[in-house]
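S.K.: Chain by chain, the residues run as shown.
There are 2 protein chains.
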Amino acid sequence: MFKVNPYFSQLQPSYLFAEIARRVRQYEATHPDGAEIISLGIGDVTLTLTPSVTGAMHQATDEMGCADSVRGYCPDGGYTFLTEAIAAHDYQSRNISIHADEVFVSDGAKSDLGNIGDLLSADNRVAVCDPVYPVYIDSNVMGGRAGRWDGTHYANLIYLPCTPENGFAPQLPTEHADIIYLCSPNNPTGTALTYSQLKQWVDYARSEESLIIFDSAYMAYIRQDDIPHSIYEIEGAREVAIEVRSFSKTAGFTGLRCGYTVVPRALTCRAEGGPVSLHSLWSRRQSTKFNGAGYIAQRAALATYTPQGIQETLDSIDYYMSNAAMMRRRLCEAGFTCYGGENAPYLWLRTPDGQSSWSCFDRLLNECRVVVTPGSGFGPNGEGFIRLTAFQKREKIQTAMERIRQLM
Amino acid sequence: MFKVNPYFSQLQPSYLFAEIARRVRQYEATHPDGAEIISLGIGDVTLTLTPSVTGAMHQATDEMGCADSVRGYCPDGGYTFLTEAIAAHDYQSRNISIHADEVFVSDGAKSDLGNIGDLLSADNRVAVCDPVYPVYIDSNVMGGRAGRWDGTHYANLIYLPCTPENGFAPQLPTEHADIIYLCSPNNPTGTALTYSQLKQWVDYARSEESLIIFDSAYMAYIRQDDIPHSIYEIEGAREVAIEVRSFSKTAGFTGLRCGYTVVPRALTCRAEGGPVSLHSLWSRRQSTKFNGAGYIAQRAALATYTPQGIQETLDSIDYYMSNAAMMRRRLCEAGFTCYGGENAPYLWLRTPDGQSSWSCFDRLLNECRVVVTPGSGFGPNGEGFIRLTAFQKREKIQTAMERIRQLM
Chain A
1 MFKVNPYFSQ
11 LQPSYLFAEI
21 ARRVRQYEAT
31 HPDGAEIISL
41 GIGDVTLTLT
51 PSVTGAMHQA
61 TDEMGCADSV
71 RGYCPDGGYT
81 FLTEAIAAHD
91 YQSRNISIHA
101 DEVFVSDGAK
111 SDLGNIGDLL
121 SADNRVAVCD
131 PVYPVYIDSN
141 VMGGRAGRWD
151 GTHYANLIYL
161 PCTPENGFAP
171 QLPTEHADII
181 YLCSPNNPTG
191 TALTYSQLKQ
201 WVDYARSEES
211 LIIFDSAYMA
221 YIRQDDIPHS
231 IYEIEGAREV
241 AIEVRSFSKT
251 AGFTGLRCGY
261 TVVPRALTCR
271 AEGGPVSLHS
281 LWSRRQSTKF
291 NGAGYIAQRA
301 ALATYTPQGI
311 QETLDSIDYY
321 MSNAAMMRRR
331 LCEAGFTCYG
341 GENAPYLWLR
351 TPDGQSSWSC
361 FDRLLNECRV
371 VVTPGSGFGP
381 NGEGFIRLTA
391 FQKREKIQTA
401 MERIRQLM
Chain B
1 MFKVNPYFSQ
11 LQPSYLFAEI
21 ARRVRQYEAT
31 HPDGAEIISL
41 GIGDVTLTLT
51 PSVTGAMHQA
61 TDEMGCADSV
71 RGYCPDGGYT
81 FLTEAIAAHD
91 YQSRNISIHA
101 DEVFVSDGAK
111 SDLGNIGDLL
121 SADNRVAVCD
131 PVYPVYIDSN
141 VMGGRAGRWD
151 GTHYANLIYL
161 PCTPENGFAP
171 QLPTEHADII
181 YLCSPNNPTG
191 TALTYSQLKQ
201 WVDYARSEES
211 LIIFDSAYMA
221 YIRQDDIPHS
231 IYEIEGAREV
241 AIEVRSFSKT
251 AGFTGLRCGY
261 TVVPRALTCR
271 AEGGPVSLHS
281 LWSRRQSTKF
291 NGAGYIAQRA
301 ALATYTPQGI
311 QETLDSIDYY
321 MSNAAMMRRR
331 LCEAGFTCYG
341 GENAPYLWLR
351 TPDGQSSWSC
361 FDRLLNECRV
371 VVTPGSGFGP
381 NGEGFIRLTA
391 FQKREKIQTA
401 MERIRQLM
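Those protein sequences? They're chains A and B, same order as listed. Going by the numbering used here, the first sequence opens with residue 1, and the numbers climb by one from there. Going by the numbering used here, the second sequence opens with residue 1, and the numbers climb by one from there.
Since the hints were derived computationally from the structure, they do not count as laboratory data. Ideal Cβ positions, reconstructed from N, Cα and C, are used throughout, including at glycine.
Chain A side only, calculated, beta carbon under 8 angstroms to chain B, not exhaustive: (1) R71; (2) L120; (3) S139.
Given these sequences and hints, build the entire structure.
M.R.: Next up, the structure:
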């Protein structure tokens with residue numbers, strides 16, 4: 001009899017967005033005639049792909065329909081036109097030494113963040129922030145690195161609380177961590193690690209011989225000077241960190257699918273038979289279990305690095321960040337304690353009067369017809385918070401803020 | 001110190017296509033003035049995407065550039081417009097009961113064939129054909145199911161020889177297999193399993209409680225009536241088989257990326273706590289580690305099911321299959337013993353005079369300037385064979401056949 005992966009049975013139901021959808025449907029059914037329900041819940045972009053991107057897609061589509069220019073399988077790791085643009089624009093222009101052949105193009109950050117576990121043995125101790133993007137945890141549960149669920153936590157994970165008290169910057173653990181997931185700017189808290197905060201972690205990883213998996217999908221939203229855009233701005237990070245990025249939140253590619261992961265050649269694991277190159281392992285994993293991002297998506301990604309593409313991307317991000325600034329101002333005026341939203345498209349709000357996350361969710365749905373994400377869905381330390389996204393149309397956000405102001 | 005997956009060290013170097021490329025480069029460098037080198041090696045399509053497909057891509061691109069129609073993250077498992085078209089056209093039209101919600105759209109068959117291992121525990125006994133598409137083996141090595149490499153085989157795999165003697169139809173193993181990979185029409189042998197041959201395997205899996213992973217990426221090339229297009233044409237297969245398919249070889253999507261995997265709801269694994277649904281596990285795996293195929297690719301895939309799209313696809317496949325028929329005729333005339341090419345775009349040739357696969361490769365490169373794939377790269381039973389692909393322009397194939405005729 002064949003046997004399934006036993007660790008799946010330890011996964012907790014992934015009910016957060018399903019439960020949100022269920023409560024919204026129920027509310028709609030019982031309140032069919034009210035004003036529009038406005039979602040500030042799911043972190044999905046709402047602006048269109050920009051003209052330079054769609055122009056590149058039309059051109060690439062024409063190429064695929066023409067015998068002289070049709071493209072089949074893409075080279076392992078992505079087309080060099082894209083890996084070289086990424087290395088030049090996202091790294092070398094910031095004096096970070098990352099070579100094009102250390103960049104692996106993929107169909108998105110979520111795939112890479114999930115699949116990277118293929119490279120790691122089951123007996124690593126994994127540290128995650130709390131609250132956290134659930135993919136880090138669930139993919140480690142599947143990989144056998146999380147241990148048993150005790151009702152609130154997985155036994156073998158090290159949880160790093162991120163709270164107002166520590167400015168949402170995780171503190172170094174007292175026990176040894178082999179693998180550390182960091183996300184900055186952060187989903188869900190909307191906060192970002194400063195240079196010195198991130199340096200602590202790189203230094204820790206170097207001394208402990210740990211691996212940092214650094215998720216910088218929201219890098220483009222950074223506004224403050226002291227916040228690194230890449231972990232490789234920290235000296236020595238090339239030897240301890242993998243960086244995962246996406247065009248989804250930078251250029252609105254959530255429906256197009258393109259991201260990339262940097263695995264520096266200097267990153268090795270000390271093993272019995274000698275040092276093992278993570279670059280080689282990831283290269284082999286990807287060439288075995290992946291056939292590359294599509295040509296259209298890669299051409300579209302390249303277009304974001306043209307002068308016009310860069311400007312359009314900046315404009316889109318400015319739009320979302322103006323939303324965030326307006327939301328933060330209005331919500332503070334309304335009496336909320338607000339975090340984030342200054343270097344990220346998310347705001348993290350303490351619920352008023354000690355309400356639970358779900359109570360606050362229900363109140364905002366019932367009384368404001370505004371949908372948010374309960375912070376408790378991101379981990380125990382998310383309880384008592386809600387997450388709001390700035391990925392919405394300006395007018396809708398203005399309406400939502402006005403409704404919330406009247407409530408408070 | 002963090003630890004890498006120890007099973008990667010058991011992977012054998014994946015040198016087949018790299019070695020082919022190296023020998024071709026070396027030959028070119030020493031013979032700079034000769035006639036064009038013609039590749040019948042890599043199994044990548046050469047015809048363009050068809051007008052109905054590129055038309056859909058242009059339209060979808062315009063939608064993504066328009067505020068009223070832009071799409072973000074796609075629903076888990078794919079857009080229903082596509083899963084319903086797949087269920088209707090590829091299954092229900094053949095009286096196969098597969099529902100749209102049993103279809104999971106992805107970025108391609110290779111990803112699914114690699115990632116499906118996430119669902120399986122490390123102690124399953126895995127059976128693979130020999131010769132075989134290397135992804136089945138390498139992904140199981142990474143997952144710890146293959147055991148140690150003994151120089152020619154992995155200790156824990158069950159190899160199913162596919163030879164001229166058994167008509168390249170693998171025989172049931174004498175020992176119990178938990179997981180069985182089958183590919184029909186087959187890469188690399190170009191042969192296909194008949195209804196009765198496949199039924200043997202479904203019956204075996206039912207009695208042994210095994211799981212069949214059925215790769216039917218080349219389904220569209222079937223010409224004979226007694227060859228099933230889907231494993232679900234066999235009674236009871238819904239309870240024991242996952243089927244993986246791709247638009248790559250059907251509609252030339254190798255550079256676009258779209259495929260799908262069918263996991264029937266009836267497919268369960270008997271486990272301690274009760275039956276476990278593979279559908280649930282795959283759904284959870286995909287929603288955790290994957291964010292869907294791109295909207296453009298899914299619209300493009302849908303276009304292959306329009307009347308015009310269906311006709312264009314048939315025309316492309318006819319073109320390749322006419323190539324295959326011509327190759328088979330010419331190569332037989334030239335004295336080769338040929339297999340396959342009648343229900344698949346690959347021909348499998350016995351090398352003349354007992355030459356090794358690589359000797360024959362070298363001879364065809366040096367004397368005909370034709371590149372093929374040495375059969376030994378697909379497993380021990382591929383030794384003494386070469387694989388030729390029909391995915392090439394007609395004129396080039398004619399030239400290649402003429403050169404080979406003159407050699408023999």
